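Produce the entire structure from the sequences given, and follow the hints as far as they go.
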Amino acid sequence: MAEKYKTPEELGQAVGLKIEELFSTIVYDVPSDDPERKLTAQEQTTGVPAAPVPAPAPLRNAAAEQRPSGRHEPQQARPPAKSQPDVPSGFPSTPHPQAKIGNSCEEILERIEILILNLEWEVNPESFREVFQRFTQLERFFSQDQAARNILAMNRRVLPRFRSPDAVPHRSLLRLLQGSVTALRSIHLSQGRKRPREELMAAITKSYKEIISSPPVPSPVEGPAGREGEQDDRQRYTSLIANLGGTIRSIDEVNRRLGRILGVLRQGGGMSEEEISRRLGTLEHLIAERVEQLSSFYKELDQLGAPAGGAPAGAASLPQEAKSGPDGLFTMSWEGASLAVLSSIIAAFYPLTSAQAQQFQGKPSINIGGRPIPRLPLKKPQAPETGPAGPPTWLVHLSSDRKDFFLLVQRLLGYRKTPKGVDVTGQTRIKIGATGYTLINQTIIRHTSEAARG
Amino acid sequence: MAIISFRSDEIHCKIVYYGPGRGGKTTNLITIHKALGHQVRGELLSIDTSGDRTLFFDFLPMDLGTIGKFRIKISLYTVPGQVRYNDTRKLVLKGVDGIVFVADSLEARRNNNIESFLNLDDNLRDQGKSTSSLPLVLQFNKRDLAGSRVAVLPIEEMEKDLNPSSRFASFPASALRGDGVRETFKKICMMTVVDVSTRLLKDKGMSLAGPGP
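Top line first, the protein sequences correspond to chains A and B.
Be aware that the first sequence starts at 0, since it is given in numbering that gives the first Met the number 0, and climbs by one per residue.
Be aware that the second sequence starts at 0, since it is given in numbering that gives the first Met the number 0, and climbs by one per residue.
Please keep in mind that the hints were generated in silico from the structure rather than gathered at the bench.
A portion of the hints provided could be inaccurate.
Said to hold, decoys possible - Dumping the calculated DSS-like pairs for lysine-lysine here, alpha-carbon to alpha-carbon at most 27 Å:
hint	chain 1	residue 1	chain 2	residue 2
1	B	Lys201	B	Lys128
2	A	Lys379	A	Lys362
3	A	Lys430	A	Lys378
4	B	Lys201	A	Lys17
5	B	Lys159	B	Lys201
6	B	Lys33	A	Lys17
7	A	Lys402	A	Lys416
8	A	Lys17	B	Lys89
9	A	Lys205	A	Lys362
To be verified - In silico contact screen, one side only, chain A against chain B (beta carbon under 7 Å); selected entries:
hint	residue
10	Ile18
11	Leu21
12	Phe22
13	Arg196
14	Met200
15	Ala202
16	Pro390
All values derive from a computational prediction rather than experimental measurement.
Quick reminder that beta carbons are idealized off the backbone N, C-alpha and C, glycines included.
So this is what it looks like as C-alpha cells:
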C-alpha cells in the first residue's frame, strides 16, 4: 500500500474516492415512491415548488486545470441522487424566508426538532420565533389532551423571552424543547391514550421552572418621555450586565471545551501536538479576548456607577428622587412587618407572577442579571403588624457597596421623601405617621454581608 | 498550517468555510457532520455565545482513515460571517490550507458576498497568502430558492462577481438540502491534500511512499 500513492495527485485522487465512499456508505437510496422524498425541503417548508438545484458538477473548473487534483475527477459524473447524503430535510441557519407552517403533527414536530438542532449550533431570534410559531400550530392537535396542552403552554410562556436579538438562551432551554418534542410525539403516536413518562414530564417541568424563575433577559425598555437620560443610563447598564453575562458564559464554554480536550488526552486519545497546540491556542486567544472584554466592561461599569434604575426589563422604574441620593424611603409590607427601605440601596423592583413568587419563596439565593444574589436574612416578626402575610408580589433587589441582596415583599406601600435634617442611615426604626417601620439601610446591608462572610 | 508527520504517517489539513454572515457555512458543516459516520467525524466544537450567531467558530475534526500509508486528518472550521468579527476570522484563518467560500445566492446579499471575498483576500494577505496561492472552492449556496419569490442571483452573475477569471472551481448548492455539499467538500479536500503534500514534500524532498531505501 505504501507504494500505491507516490504522487500528491494520486493521494488527492484517493482522498476524493475515500470521501465518496464515506458519504456513500451512510446513504441509502430512497425508494421513488417514498412520499416524504417527493417533497423538497423548500416545498416542505415554504409550499413553493423548489427549483431543481443543478447537478453539482463544478460550474467552472479552471482550477482543476491549474491544480493537479483537477486531473482526477472520475466520481464527479456520478448521478447526484445516488450520492445524496442522508440528511434530514434541512438545517436552516435561519428559517426559510417564506417559511410556511406545515400540515401534519409529525411534520411540525420534525421541523421543531430541526430548529432545535439548529439552535444547538447557532442561536438566533428567528429560530426562536419559528419554534414558537410551530408550537402554537401544534395546539390544534392536542386540544383534548391536558398534558400536551400544559407542555405547549410552558413553551409558549418561555419562548418569547428569547426572541429579542440580545437574548441569551437559558441553559435549560434546549432540554425543555427536546423533552417537549419527545413527550408530544409520544402523546400523538398513542393518540392520547398514553401519557408521557413521568420522569420526562418532571424534567420538562423542572426545565420550565428553571427558566421562568430566572429574571427575563434584558431588552430595551420603553420608558416614559422626559426621562431619556435615565433611560439611556439604565439601558447602558442593562446592556453591560447582559454583555458581562455573555462573556462569563463564553469563558464557561471555553472552560468546558478545555475540559473535553483534557478528557481526550487523559484517555490517551490520538491528538497530535500540533492539533493540541492549535486547539489550546485558539481557546487561549478566546479567553484572553474575553478577559479583555471583562476588563473593559468593568471600567465602563465603574464609570457609570451603579444606577438605581439599572434594572433589567420588567423592573419598575424608580422615581427621579430615588436616583439622587439617600433621600427617600420606600415603605413595604414584608411577612406582616412594615419595612422602610432607603431608596439609595434599591437597585430594582420586579413584579412577580404567582408562579415566580412560589418559585422564589424558598430560595436562599436567586440569579439576577446573571449572578446569584442571596436573600436578605431578616427575622420574621412573631406578631404580624400588618395582618397575615400573603404570597409575595414584588421582588426587591437591594444593593449597596457592591453587596447585593433580594427581598420578597407582599405589598409596596408607598414612597416618602426623607425630611431634611433627618439622618436615617444610623437608625433601625422610623415612625411615619402612626406606623412604625423597620429601617433597611446601608448599615443593615453591610452588617448582614459581614455576618454572612464570617 | 498543514502537517505531515512521517513518524506517525499522518497528514493534517485545515480547511475553512468562509463567507458572508448567514450564507450557510455552518449549515454546510452540520450537513457534513450528519452525513459522515461516527468513525470519521470527531466531536463538533461549536461555540456560540451571548445569543448571537457563530461568534467564534465551528470546528469539525475528521479522520478520513488510512489512505496508502498515510492517515489523513482534516479539520473543518467556519468563521463568523458578521463584519464585526474580523479578528476572529483572522485567527481562524491562521494556518489555513484550503478555503471554501460559501456565497449567498440571494440577490440582496450580493454586496455581502463581494465584501466578504475582499475581506478574505485582505485577511490572507496579512498572513502572506492570497486567494490565488491557496486551494479555494466557491460554493453558490441557496440555489433551491431559484424559482421562488425570493430574488436569486444567476450563477453567471455570481461568477462574474467572485470568479471573473474562472480561477476557482465552483459548485451550486443547497446546504439546507445537502445538495452540492459533498461535491464542494470532496473537491476542496482533494485540492488541499494535493497542495499540502506537493508543497511540503517538495520542501522536504521526500516522496509519499516514504523515505527511499
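Evaluated hints:
1. Straight-line distance between C-alpha atoms of Lys201 (chain B) and Lys128 (chain B) comes to about 18 Å, which keeps the hinted pair within the 27 Å bound.
2. Restraint check for Lys379 (chain A) and Lys362 (chain A): the C-alpha separation of about 16 Å stays at or below 27 Å, so the hint holds.
3. Simply put, Lys430 (chain A) and Lys378 (chain A) have alpha-carbon atoms about 20 Å apart, close enough for the 27 Å limit, and the pair holds.
4. Our distance criterion of 27 Å between C-alpha atoms is met by Lys201 (chain B) and Lys17 (chain A), whose separation comes to about 24 Å.
5. Restraint check for Lys159 (chain B) and Lys201 (chain B): not satisfied, since their Cα atoms lie roughly 34 Å apart, outside the 27 Å limit.
6. Pair hint Lys33 (chain B) plus Lys17 (chain A) holds up; C-alpha atoms about 17 Å apart against a cutoff of 27 Å.
7. Proximity of Lys402 (chain A) to Lys416 (chain A) is assessed by CA-CA distance (about 24 Å); at most 27 Å being required, the pair is judged to hold.
8. Under the criterion of a C-alpha separation no larger than 27 Å, the hint pairing Lys17 (chain A) with Lys89 (chain B) is inconsistent with the structure, at around 31 Å.
9. Between Lys205 (chain A) and Lys362 (chain A) the CA atoms are separated by roughly 15 Å; this keeps the pair inside 27 Å, and the hint holds.
10. A least Cβ separation of about 5 Å between Ile18 (chain A) and chain B falls short of the 7 Å threshold, and the interface hint therefore holds.
11. This hint holds: Leu21 (chain A) has a C-beta 6 Å from the nearest C-beta of chain B, less than the 7 Å allowed.
12. About 5 Å separates the beta-carbon of Phe22 (chain A) from the nearest beta-carbon of chain B, less than 7 Å, and the hint is met.
13. Restraint check, Arg196 (chain A) versus chain B: the minimum CB separation of about 27 Å is more than 7 Å; hint violated.
14. With a least beta-carbon distance of about 28 Å to chain B, the hint placing Met200 (chain A) at the interface is violated under the 7 Å criterion.
15. Annotation: Ala202 (chain A) was flagged as interfacial toward chain B, and the flag is violated, the nearest CB pair being 23 Å apart, outside 7 Å.
16. Evaluation of the Pro390 (chain A) hint against chain B yields a violated restraint, the C-beta minimum of about 32 Å exceeding 7 Å.
In this structure, the earlier hints numbered 5, 8, 13, 14, 15, 16 are contradicted, and the remaining ones agree with it.
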